[in-house]
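Novice: Going line by line, the protein sequences match chains R and H. Under this note's numbering, the residues of the first sequence are numbered 4 to 343, in order. Under this note's numbering, the residues of the second sequence are numbered 4 to 343, in order.
Since the hints were made in silico from the structure, they are not lab data. A few of these clues could be false.
Given that identical chains are not distinguished, each listed pair holds provided it fits within a single copy or across any two copies.
What the hints assert, rightly or not - Here are the simulated SDA-like pairs of lysine to any residue, each with C-alpha atoms no more than 20 Å apart in a straight line:
#, residue 1, residue 2
1, K274, G124
2, K339, Q261
3, K220, I71
4, K5, S321
5, K274, M252
6, K209, E333
7, K224, K256
8, K40, N64
9, K256, L279
10, K266, L276
11, K266, P75
12, K224, G305
13, K224, M172
14, K209, T66
15, K339, A329
Number of protein chains: 2
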Amino acid sequence: MKVIVDAMGGDNAPEAIVEGAVLAAQQSDIDVILVGKGEQILRIIEDLGFKDIPSKIEIVNATQIIEIEDDPANAFRTKSDSSMSVALNLLSEGRGDALISAGSTGALLSAATLIVKRVRGIRRAALAPFIPNTQGGFVLIDCGANSECTPEYLLQFAYMGTFYAQDIMKIKSPRVGLLNNGAEPTKGTPLQLATYELLDNAAKSKTLNFIGNVEAKEAMKGACDVLVCDGFTGNIFLKSLEGMASLIMSELKGIYMQSAKTKLSALLIRKNLSQLKEKLNPDAIGGTPLLGISKPVIKAHGSSNALAIKNAIIQANSAASAHIAAKLSEHIARMKSADD
Amino acid sequence: MKVIVDAMGGDNAPEAIVEGAVLAAQQSDIDVILVGKGEQILRIIEDLGFKDIPSKIEIVNATQIIEIEDDPANAFRTKSDSSMSVALNLLSEGRGDALISAGSTGALLSAATLIVKRVRGIRRAALAPFIPNTQGGFVLIDCGANSECTPEYLLQFAYMGTFYAQDIMKIKSPRVGLLNNGAEPTKGTPLQLATYELLDNAAKSKTLNFIGNVEAKEAMKGACDVLVCDGFTGNIFLKSLEGMASLIMSELKGIYMQSAKTKLSALLIRKNLSQLKEKLNPDAIGGTPLLGISKPVIKAHGSSNALAIKNAIIQANSAASAHIAAKLSEHIARMKSADD
Chain R
4 MKVIVDAMGG
14 DNAPEAIVEG
24 AVLAAQQSDI
34 DVILVGKGEQ
44 ILRIIEDLGF
54 KDIPSKIEIV
64 NATQIIEIED
74 DPANAFRTKS
84 DSSMSVALNL
94 LSEGRGDALI
104 SAGSTGALLS
114 AATLIVKRVR
124 GIRRAALAPF
134 IPNTQGGFVL
144 IDCGANSECT
154 PEYLLQFAYM
164 GTFYAQDIMK
174 IKSPRVGLLN
184 NGAEPTKGTP
194 LQLATYELLD
204 NAAKSKTLNF
214 IGNVEAKEAM
224 KGACDVLVCD
234 GFTGNIFLKS
244 LEGMASLIMS
254 ELKGIYMQSA
264 KTKLSALLIR
274 KNLSQLKEKL
284 NPDAIGGTPL
294 LGISKPVIKA
304 HGSSNALAIK
314 NAIIQANSAA
324 SAHIAAKLSE
334 HIARMKSADD
Chain H
4 MKVIVDAMGG
14 DNAPEAIVEG
24 AVLAAQQSDI
34 DVILVGKGEQ
44 ILRIIEDLGF
54 KDIPSKIEIV
64 NATQIIEIED
74 DPANAFRTKS
84 DSSMSVALNL
94 LSEGRGDALI
104 SAGSTGALLS
114 AATLIVKRVR
124 GIRRAALAPF
134 IPNTQGGFVL
144 IDCGANSECT
154 PEYLLQFAYM
164 GTFYAQDIMK
174 IKSPRVGLLN
184 NGAEPTKGTP
194 LQLATYELLD
204 NAAKSKTLNF
214 IGNVEAKEAM
224 KGACDVLVCD
234 GFTGNIFLKS
244 LEGMASLIMS
254 ELKGIYMQSA
264 KTKLSALLIR
274 KNLSQLKEKL
284 NPDAIGGTPL
294 LGISKPVIKA
304 HGSSNALAIK
314 NAIIQANSAA
324 SAHIAAKLSE
334 HIARMKSADD
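This is chain R alone, in the form it adopts within the complex (with noise of 0.2 Å):
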């Protein structure tokens, strides 16, 4: 099992990324093609206290670096020796079982469509996230990948979604939901009516377990497994969550620091607090899968540390265990609406 990894996408590249590749070198079985500057890579790795590159990794160098100001349409042609285009053709030439990159999320979404292409018949690749709630957690498709989306779209999202959700969450039949403004099957834009008759019938036809609308407020308490939507309403989804989470943690932060007795009170639970920090914490997860790509293609938070990238990699081997692209190739047929 060989990871590919651009090693100089991200806030915290080219560090990070070295030090996260070196981690989950040494802490599992996997091998690590490290894809950036080479000199640079090399330095990093003398930094560690290695004086010559670590068992399992390997280096190939890329002469240029896709910026977030890049146009993420063509960033990949217009630098063909970046980091990230070189890492996704030798994923492409099956140099590697799985990709990872923490750079520009358009650029990763283009590149990987045009150099490793999507799963025939496949209409757009997804952003999954695995988001936590009361319950555990669920997956969300698509986050941010595709701003606007067909009903045939969400439709195959809802099937991606679903073969994800059985791999990681090891569900025989997950619940799929509509992300929805309330439960109503009337409820929605044109888009989401449009949605739900194509997931309704394909839950007739009983080959997606659709449970209905779903409010955002109950897909944290658990109301789904796979919460499908367009990758506008995703982020806003997404982004909303992250920003109550930091306004309580900095309310909290807040309070604790108010006087000796709240002192107190935050020493005491100091380790659940950093745990459930840590459960809310976007890096920890590691990383998010780009469904549909006919190769495993993993995108890592932008602000990815050293921990979230080893996390990732770790993350992009099972995903490429799970052989998700062959389970969606198998099963293409009824991923098409009765119009297609």
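Please build the complex by placing chain H on the supplied structure of chain R, with the hints as guidance.
Specialist: Just chain H, lined up with the frame of chain R:
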């Protein structure tokens, strides 16, 4: 100053509504008209320990109740003697200065639009709750009244939100942000792109302090004073916040119940925790105004308790005093886009 209260709307009606109204009448100089099933209201007042109808409280009988199952668009017609319809008619006739209902949002919106009417030139009324954030808070507009919006509606929401924020936050030039999936002007769906242009033009003509696109997470950190979006997106935003708040509160509760040590931790900050809960509790805020209606109409949270109703009545008072509707009329010319 007289506030008309729909005594029969909401999960805890009529008990909590009547109690809240009595509290408001006792604790402020506001007069209240309670509209609903007269005998039931009288019995609740008796149960609260009064031998007679308290001073400053008036009861107007209405024999029907609009239920959550009723078609929101037509409920006020099919149930013309419902507490909500009768209350809105009283407001329209000038029998009171403002109205509060914890009943169906959809029904209240349709009924208020048709009975009390919109300010001339306003295309859609919008729900504008005040959302707490690390810097105090901001006005979200629209949070669910209009699932489908045009850029022109959103331009008007920006102005309505501005006037409202000026009044309740006492800011001269509230910073207006457009809720989007990224900060760059090129972000979003065609709705956000077209709205960005209208808002940007308004900023250029110095009639609006538009600061650009704002991500959900940044809004929670104090990026803007008014956050503009369509009602579908606003609903997802608000319900996600509520969902994450309830997830964290339930996790904290779990932590506190673990042992004697964690129970002591909770005890030490008990007061602070209940203040925090209060801050995040939608009931505490009192109510959400329906901006754009020619007279003040306040939607109280469906699950409002007596305290929330009391607060909503007092807020209705300040909304009426602020003469938002008059301000809208006065500035209606600038609230139209060039295409109008």
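Novice: Each of the hints needs a verdict: does it hold here or not?
Specialist: How the hints compare with the structure:
In this homomeric assembly, K274 and G124 never come within 20 Å of each other (Cα to Cα): the closest approach is 48 Å inside a single copy and 57 Å across copies. For the homomeric pair K339 and Q261, neither the shortest alpha-carbon distance inside one copy (58 Å) nor that between copies (49 Å) is at most 20 Å. Taking the shortest alpha-carbon separations for K220 and I71, only the inter-copy value of 19 Å comes in at or below 20 Å, while the best intra-copy value is 32 Å. Within a single copy, K5 and S321 get their C-alpha atoms as close as 11 Å, which meets the 20 Å cut-off; across copies the closest is 65 Å, which misses it.
Taking identical chains as interchangeable, the C-alpha atoms of K274 and M252 lie at most 20 Å apart whether they share a chain (15 Å) or sit on different chains (17 Å). In this assembly of identical chains, K209 and E333 lie within 20 Å of each other by CA distance solely inside one copy; the values are 17 Å within and 58 Å between copies. Taking CA atoms no more than 20 Å apart as the test, K224 paired with K256 passes between copies only; the shortest distance there is 15 Å, against 25 Å inside one copy. Within a single copy, K40 and N64 get their C-alpha atoms as close as 6 Å, which meets the 20 Å cut-off; across copies the closest is 79 Å, which misses it.
When the C-alpha separation of K256 and L279 is checked against a cutoff of 20 Å, the pair qualifies both within a copy, at 14 Å, and between copies, at 12 Å. Proximity of K266 to L276 under the C-alpha cut-off of 20 Å is found in both arrangements, the shortest distances being 13 Å within a copy and 14 Å between copies. Taking the shortest Cα distances, K266 and P75 never come within 20 Å of each other, neither inside one copy (46 Å) nor across copies (51 Å). Taking the shortest Cα distances, K224 and G305 sit within 20 Å of each other only across copies (19 Å), while inside one copy they are farther apart (27 Å).
In this homomeric assembly, K224 and M172 come within 20 Å of each other (Cα to Cα) only inside a single copy, at 17 Å, whereas the closest approach across copies is 33 Å. Taking CA atoms no more than 20 Å apart as the test, K209 paired with T66 passes in neither setting, with 51 Å inside one copy and 46 Å between copies. For a Cα distance limit of 20 Å, the shortest separation of K339 from A329 inside one copy, 17 Å, qualifies, whereas the shortest one across copies, 53 Å, does not.
This entry does not satisfy hints 1, 2, 11, 14, going by the numbered hints stated previously.
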